Each structure stands twice: as C-alpha cells, then as structure tokens.
Amino acid sequence: MTQHPPSLASPVAGPAPLLEVADLSVRIGGVPIIDKVSMTLREGEVVGLVGESGSGKSVSSLAIMRLLPKEAEITASRLRLLGEDLLQASERRYEQLRGSAIAMIFQEPMTALNPVLTVGEQIIETVIRHEGVGRRVARARAIDALGRVGIPAAAQRVDDYPHQMSGGMRQRAMIAVALACQPRVLIADEPTTALDVTIQAQILELLQDLQEEYRMGTVMITHDLGVVSSFADRVMIMYSGRVIEEAPAGAVFDAPRHPYTRGLLASIPSSEVDTDRLYAIPGTVPPAFDPPPGCRFEPRCAHAAAGCRLAQPALLACGPDHRAACLRLDEITPAGAP
Amino acid sequence: MQDPLPPLLRVQDLHKEFSSGGGWLGGAPRVVRAVDRVSFEVRAGETLGVVGESGCGKTTLGRMVLRLLEATSGKVEFDGTDLGGLDAARMRAMRRNMQIIFQDPFGALNPRMTVGELIVEPLVIHGVGTPASRQARLDELLGLVGLAPYHAARFAHEFSGGQRQRICIARALALNPRFIVCDEAASALDVSIQAQILNLLQDLKQSLGLTYLFISHDLGVIRHISDRVMVMYLGQVVEMGSKHQIFDAPSHPYTAALLRASPSRNRGKTRFAAIKGDLPSPANPPPGCRFHTRCPLAQPVCRTTPPPLMPVGASGQSAACHFPGSDRGPLDPGKTVGAMGG
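Sequence lines, in order, name chains A and B.
Numbered according to UniProt numbering, the first sequence spans residues 1 to 338.
Numbered according to UniProt numbering, the second sequence spans residues 1 to 342.
Treat the hints with caution; some may be incorrect.
[Unchecked claim] Keeping only pairs whose Cα atoms sit at most 20 Å apart, straight-line, the calculated DMTMM-like set for lysine to aspartate or glutamate is: (1) B:Lys243 to A:Glu272; (2) B:Lys75 to B:Asp104; (3) B:Lys205 to B:Glu41; (4) B:Lys205 to A:Asp274; (5) B:Lys243 to B:Asp218; (6) A:Lys70 to A:Glu95; (7) B:Lys205 to A:Glu71; (8) A:Lys36 to A:Glu91; (9) B:Lys276 to A:Glu205; (10) B:Lys75 to B:Glu17; (11) B:Lys243 to A:Glu205; (12) B:Lys243 to B:Asp87; (13) B:Lys75 to B:Asp13; (14) B:Lys243 to A:Asp276; (15) B:Lys243 to B:Glu17; (16) A:Lys36 to A:Glu95; (17) B:Lys276 to A:Glu73.
[What the hints assert, rightly or not] Selected chain B positions facing chain A (in silico; Cβ < 7 Å): (18) Glu53; (19) Phe102; (20) Ser187; (21) Asp190; (22) Gln206; (23) Ser207; (24) Gly220; (25) Val221; (26) His224; (27) Ser264; (28) Arg265.
If you are wondering where the hints come from, they were derived from the structure by calculation, not from laboratory data.
For clarity, every value in this text was computed on a predicted model and none was experimentally measured.
Ideal placement from N, C-alpha and C gives every residue a C-beta, glycine not left out.
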C-alpha cells in the first residue's frame with residue numbers, strides 16, 4: 001500500500017552536502033541538552049527532524065543557526081555550510097550567512113516578524129543588507145517574493161503590518177522574508193503547528209512548491225509524523241537529546257526499528273483506519289538534568305534488558321541507509337509489538 | 001445501532017450571538033453568531049465527536065451545553081429536563097451529572113491547593129459525604145485515573161502535563177457524573193502522553209458507563225474516540241453521521257476537504273492539494289452556504305441560499321449542502337511524487 005520513494009541522498013553519491021553536522025552537542029549550565037547529533041543535508045533534500053517536547057529538535061537547529069543564548073556551550077566535530085567551516089565563523093560572518101545562505105521559519109510568525117515594520121519593509125531590509133541593491137529594486141523584489149508565496153494583491157499587501165494579516169497569510173509572509181535571498185538551506189521549525197488543518201495543507205503545499213523550485217535543502221522540525229511522512233525524504237527521530245533512529249522516510253514508517261519510534265507510531269490515532277486501542281508508551285520523558293544511565297529510553301521500553309542500563313547504545317546500521325541506537329535491535333522483530 | 005432509549009442529551013436550535021465593537025465612539029456593534037441554530041442528540045453511553053477548525057463554534061457549543069455560557073436562544077435537555085428552566089440552585093444540582101474537562105491542565109487547577117483538595121473540592125462544594133467518606137472517595141478516584149495515594153499531598157505544579165490532566169479527570173469524576181464534555185482534552189499533550197489520556201478516557205467510559213461530547217480539531221483523535229461525529233464550520237453543523245460515514249463516505253465537501261488536508265503517514269511522500277482561501281471571519285460569514293467561498297463545487301445557488309441540514313440516504317447521515325455526496329473522490333490528495341525535483 002504505502003509507497004515511499006527511495007531517498008535521493010545516498011551517503012556516497014551526489015554533490016557535496018549543503019550542510020554537514022557531526023557530533024553537535026549543547027550544554028546549558030552544565031546540563032547536556034543535546035548530545036552528539038549528526039546530520040547531512042543535500043541539495044533538494046528534505047530531512048524531517050521529529051521528536052516530542054524536550055527531545056532537543058529545536059535546540060539542534062538553533063545551535064546550527066547560532067541563535068542560542070550565550071550561556072549555551074556548543075561543541076561539534078564538524079559544522080559546515082556550503083563547505084564553509086561554521087565553527088570558525090565570526091559573529092559578523094554568521095550575520096551575513098543568516099538570511100542569505102541559511103534561513104529559518106518558525107511556528108509563530110507574530111514572534112518572528114517585527115510588529116512595527118510592514119511586511120514589505122522586512123523583506124526590503126533583508127535584500128538591501130545581503131545584496132546591496134537599491135531601495136526601488138528591493139521593493140520590487142519584496143512584491144515579487146510576496147506574490148510567490150501566494151499572497152494576493154502583493155503590490156498592496158506589501159505595505160501591510162503583520163497584524164493586518166490572517167494567520168495563514170502571516171505564515172506566508174514569514175516564508176517570503178526567509179526566502180527573499182534564496183537561501184540554500186531552510187530550517188522550518190514546526191511551521192504549521194499553530195495553523196488550522198486546511199491552512200496547514202496550504203502552507204505545506206507552498207513549501208513543497210518552493211522546495212522544488214529552489215532545490216533547497218530543508219530541515220523540517222515537527223512533532224507531527226503525518227507532516228513528516230508527506231514531506232520528508234529522510235527522517236531523524238530524536239529522544240531526550242539524542243538521535244535514536246534515522247532512515248529514508250519509507251523505512252521509518254513501514255519498518256521502524258527503535259522501540260521508541262515503534263511506540264510513537266503506534267500511539268497516534270489515524271483518521272484513515274480504525275484503532276481499537278492505542279499503544280501508550282508508559283511513563284514520561286526523563287528530565288535533561290537527570291537522565292537515566294545508559295539508554296535514555298530504557299525506563300519506558302518494553303524490550304529493556306540489563307545491558308541497556310550500562311551504556312549508551314550507538315547508532316548502528318540496521319538496513320539500507322537505516323540506523324538505530326538500540327542494543328536489542330536483533331531481538332526486536334519488525335512485525336512484533338512496539 | 002437502534003437504541004430505544006431517549007437521548008441523554010437533546011440540543012435544539014442552540015444559538016449564541018456575541019456583540020463586538022460599537023461603543024461611545026459610534027458605529028453599530030457587530031453581531032457574531034458563534035453558534036448558529038445547532039441541534040443534535042447524544043444517547044447514553046455514546047461518544048459524539050465534534051470536529052472543526054478555529055471559529056467553528058465547537059468550544060462555545062460545549063460550554064452552552066453545560067450552561068457555563070448562556071445561550072442566546074435554543075434549548076438543552078438533559079435526561080428529559082430542560083436546563084433553561086432551572087434556577088441557579090437546581091442547575092448546580094444538575095451539574096453533578098454533567099462535567100467538563102478542558103484542554104489546558106495548567107490553567108484549570110488552583111496552584112494553592114493540594115491535589116487531594118482539588119479532587120475533593122467538588123464534593124465539598126456540593127456538600128457530599130463526610131470527611132472520612134471523602135477521603136475514601138479520593139483514594140478511589142486517584143486509583144481510577146492512575147495516580148498513587150501519596151500524590152494527594154502534592155501541588156499541581158509538581159506534575160507533568162499528562163498527570164495534571166489525570167488530576168482534572170479525577171476532579172470531573174468526583175461527583176459521579178453521567179455525561180462529560182471533553183474540550184480538546186488531550187490536545188496540548190505530546191503524542192505518547194496523549195495516547196495514555198485517550199486510553200484512560202475510553203476505560204473510564206466503559207467502567208463507569210459515561211457519555212462523552214468530545215470536542216477536538218484532530219481528525220485522528222475524533223475517529224479513534226467517537227461513535228458518531230458532527231462537523232462544524234463557522235458556527236454551523238455541516239455534516240453529521242456515524243464515524244464510518246463521516247470518515248469513509250463524507251457527504252459535505254468541507255468534510256472531504258478536511259480529510260484530504262489531514263497529513264497522513266500512510267500515503268508516503270505526497271503533494272498537498274489544499275482547498276484555497278482563508279477561513280472567513282465568524283464575524284462576517286459569507287452569505288448563502290458559508291463554505292461556498294472555498295468550495296470546489298460551488299454553484300450560483302450556493303452563494304445565495306443557505307442549505308439546511310438534510311438527511312443523506314436513509315442511515316442517519318445528514319449534510320448541509322445543495323449537492324451532497326458529489327465530492328466523495330478518493331482521499332488521496334494527489335499522486336505520490338518521487339523525491340522532490342528528482
């Protein structure tokens with residue numbers, strides 16, 4: 001039934017990745033928030049970064065963007081954007097890159113857009129700053145950018161303030177601001193979570209169109225596995241600050257291997273098929289300041305064994321382009337219980 | 001399916017208008033019809049799901065059913081009693097049968113009270129039992145919702161969202177109600193916790209013989225929990241039917257559009273094909289059929305004449321559409337695409 005196309009991004013073929021992240025860790029006040037997150041993003045590829053509250057999915061992206069507060073200690077063995085080493089980049093260089101090479105959109109456009117500037121002014125400012133063009137050219141670009149994201153009568157709406165727009169239109173405007181300089185990498189952090197379902201579908205449709213047109217690499221951060229399944233080529237599942245499974249989207253949904261991924265999929269009610277009873281993962285996510293030793297999912301895991309408490313399991317290959325961090329992978333059958 | 005019993009809840013032409021704007025700077029106040037002549041019944045032991053987007057009136061409806069908000073007009077009958085005719089004291093007594101669970105378990109619990117005090121508070125307010133019997137009831141309620149006796153001495157802020165929702169559920173159950181309005185009761189929770197709460201609500205329904213009016217924007221949750229479903233759009237009911245009628249054979253184009261817009265994890269990478277247009281403001285709904293501005297099937301009559309809710313077929317499904325059943329196409333919103341641009 002389910003047809004997931006094979007991922008374009010095989011680890012060996014293709015052009016150099018747009019974004020390379022290896023062993024990215026963030027500690028705040030000595031507390032590890034994310035732990036050794038690695039990710040590769042290629043041209044035209046959409047990576048879905050999935051997890052529940054506190055899994056570290058947003059912190060990972062903010063660390064890449066260097067948008068975390070000063071107290072955050074960020075370490076990585078590799079962090080490269082379009083081949084450039086971001087670990088060596090100055091604050092000034094980062095300012096140049098943000099908005100031109102890499103951009104970010106957020107869940108709540110009212111906090112991302114400046115309420116006292118018109119939508120057009122926010123695009124004009126970005127275009128002038130990054131491309132050094134004149135105001136008239138920048139204004140024409142702003143109108144064009146608003147038209148591209150489906151804002152009707154863009155030549156008039158360019159002078160609207162964010163509060164004059166509906167939620168869906170504001171989300172479109174924020175996307176226009178982010179994409180005005182055609183970044184190569186887009187990080188979309190829960191871009192449709194606050195929207196009604198018919199408006200969410202419109203924004204996802206728009207992001208698909210833009211993704212196809214600009215062939216960006218996109219990181220889609222979401223808690224919604226339906227959104228990820230419809231949108232992403234590859235999926236990374238995070239739990240308690242770590243990536244616990246990654247694979248082409250089809251494999252994650254058809255043959256998930258990590259007990260957390262399997263439990264998560266079984267716990268979501270579907271609008272397409274009947275479920276008598278949902279699988280409920282027992283317990284709650286452990287607090288970051290007091291993680292369990294060994295595998296962080298062990299206290300909630302139906303498959304836990306004594307060895308799971310001893311050491312953190314590494315991400316190991318368990319299929320084509322498919323990795324999971326679980327000691328008991330071989331004993332958990334794909335068709336079995338979560 | 002055939003239930004000879006009269007409905008536990010009967011709602012007739014329930015209507016709520018709010019006025020906004022106006023005032024001493026002039027200008028006539030605008031009237032917002034938040035809920036526009038809604039009628040339905042809920043049978044004992046049944047879960048009626050209410051689904052819709054922002055501004056559809058589902059929350060206002062839930063509050064009016066319990067008279068937490070007074071209706072502008074219309075009638076609510078609970079177990080044969082017209083709630084509109086009850087004075088405050090009698091209404092309070094009636095509320096022992098009817099409770100509500102809200103979305104936000106953070107806002108619903110007084111931070112200065114212990115969990116035990118919170119859960120027995122309804123018993124104290126209604127003067128039920130003695131201190132000793134309340135203590136016994138508290139232990140029983142904690143057990144029902146999966147909390148431990150020692151939790152009673154703690155404060156709500158010490159608990160996670162899922163556990164707080166358990167406290168809210170225990171509190172709602174304290175007076176042994178027969179009917180509970182669940183207003184987005186699991187929506188603020190992470191999915192793994194949401195499943196725990198949905199399972200708990202289903203178990204309680206079974207063991208205590210409860211009846212639910214279950215309000216949610218989440219189509220998956222509505223399909224999972226409901227026996228029958230009511231779909232609302234801008235204050236009106238656009239379609240009503242059994243769970244399978246609504247999800248597998250929707251008659252109203254809005255229901256069909258909602259189902260298509262809902263992201264699926266079973267279809268693989270797909271093109272979204274969303275219906276166009278913004279949600280109109282409930283303060284200024286379109287004339288005729290309120291959905292016509294976004295409807296792919298709209299005809300001239302739809303722009304002028306509001307369609308009444310009429311039976312579709314003979315099996316209890318009804319829809320408010322001039323052309324019901326004509327948008328029953330496959331739910332797959334488009335072709336499965338290859339990797340983007342590939």
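To see whether the hints hold, each was checked on the structure:
Distance hint between Lys243 of chain B and Glu272 of chain A is fulfilled; the C-alpha atoms sit about 11 Å from each other, no more than 20 Å. As the CA atoms of Lys75 of chain B and Asp104 of chain B are separated by approximately 28 Å, the hinted pair breaks the 20 Å bound. Proximity of Lys205 of chain B to Glu41 of chain B is assessed by CA-CA distance (about 18 Å); at most 20 Å being required, the pair is judged to hold. Taking the CA atoms of Lys205 of chain B and Asp274 of chain A, the gap is near 18 Å; set against the 20 Å cutoff, the hint holds.
Restraint check for Lys243 of chain B and Asp218 of chain B: the C-alpha separation of about 14 Å stays at or below 20 Å, so the hint holds. Distance restraint check for Lys70 of chain A and Glu95 of chain A: the Cα-Cα separation of roughly 16 Å lies within the 20 Å cut-off, and the hinted pair is therefore satisfied. At roughly 49 Å between alpha-carbon atoms, Lys205 of chain B and Glu71 of chain A are farther apart than 20 Å, so this suggested pair is violated. Restraint check for Lys36 of chain A and Glu91 of chain A: not satisfied, since their Cα atoms lie roughly 23 Å apart, outside the 20 Å limit.
With a C-alpha separation of about 11 Å, the suggested pair Lys276 of chain B and Glu205 of chain A falls inside the 20 Å cut-off, and the hint holds. Taking the CA atoms of Lys75 of chain B and Glu17 of chain B, the gap is near 15 Å; set against the 20 Å cutoff, the hint holds. Annotation: proposed proximity of Lys243 of chain B to Glu205 of chain A is violated, straight-line Cα distance about 28 Å (limit 20 Å). Annotation: proposed proximity of Lys243 of chain B to Asp87 of chain B is violated, straight-line Cα distance about 37 Å (limit 20 Å).
Pair hint Lys75 of chain B plus Asp13 of chain B holds up; C-alpha atoms about 7 Å apart against a cutoff of 20 Å. With a C-alpha separation of about 13 Å, the suggested pairing of Lys243 of chain B with Asp276 of chain A holds against the 20 Å cut-off. Annotation: proposed proximity of Lys243 of chain B to Glu17 of chain B is violated, straight-line Cα distance about 30 Å (limit 20 Å). Restraint check: the Cα-Cα separation between Lys36 of chain A and Glu95 of chain A comes to about 25 Å, which exceeds 20 Å; the hinted pair is violated.
Between the alpha carbons of Lys276 of chain B and Glu73 of chain A the distance comes to roughly 45 Å, so the proposed pair goes past 20 Å and is violated. Here the hint on Glu53 of chain B is kept, as its CB sits about 4 Å from the closest CB of chain A, short of 7 Å. Interface hint status for Phe102 of chain B: violated, as the beta-carbon distance to the closest one in chain A is roughly 19 Å, over 7 Å. The criterion of a C-beta within 7 Å of any C-beta in chain A is not met by Ser187 of chain B, whose closest approach is roughly 12 Å, and the hint is violated.
A least Cβ separation of about 4 Å between Asp190 of chain B and chain A falls short of the 7 Å threshold, and the interface hint therefore holds. Proximity of Gln206 of chain B to chain A is violated relative to the hint, the smallest CB-CB distance being about 11 Å (cut-off 7 Å). At about 14 Å, the closest approach between the beta carbon of Ser207 of chain B and any beta carbon in chain A exceeds 7 Å, and the interface hint on this residue is violated. Given hint, Gly220 of chain B at the interface with chain A, holds; its Cβ is 4 Å from that chain's nearest Cβ, closer than 7 Å.
For Val221 of chain B, the interface hint holds, the least distance from its beta-carbon to any beta-carbon of chain A being 5 Å, beneath 7 Å. The beta carbon of His224 of chain B is positioned within 7 Å of a beta carbon in chain A (closest approach about 3 Å), and the interface hint is therefore held. At about 5 Å, the closest approach between the beta carbon of Ser264 of chain B and any beta carbon in chain A falls short of 7 Å, and the interface hint on this residue holds. With a cut of 7 Å, the hint placing Arg265 of chain B at the interface with chain A holds, because the nearest CB-to-CB distance is about 4 Å.
Going through the hint list in order, the structure does not satisfy hints 2, 7, 8, 11, 12, 15, 16, 17, 19, 20, 22, 23.
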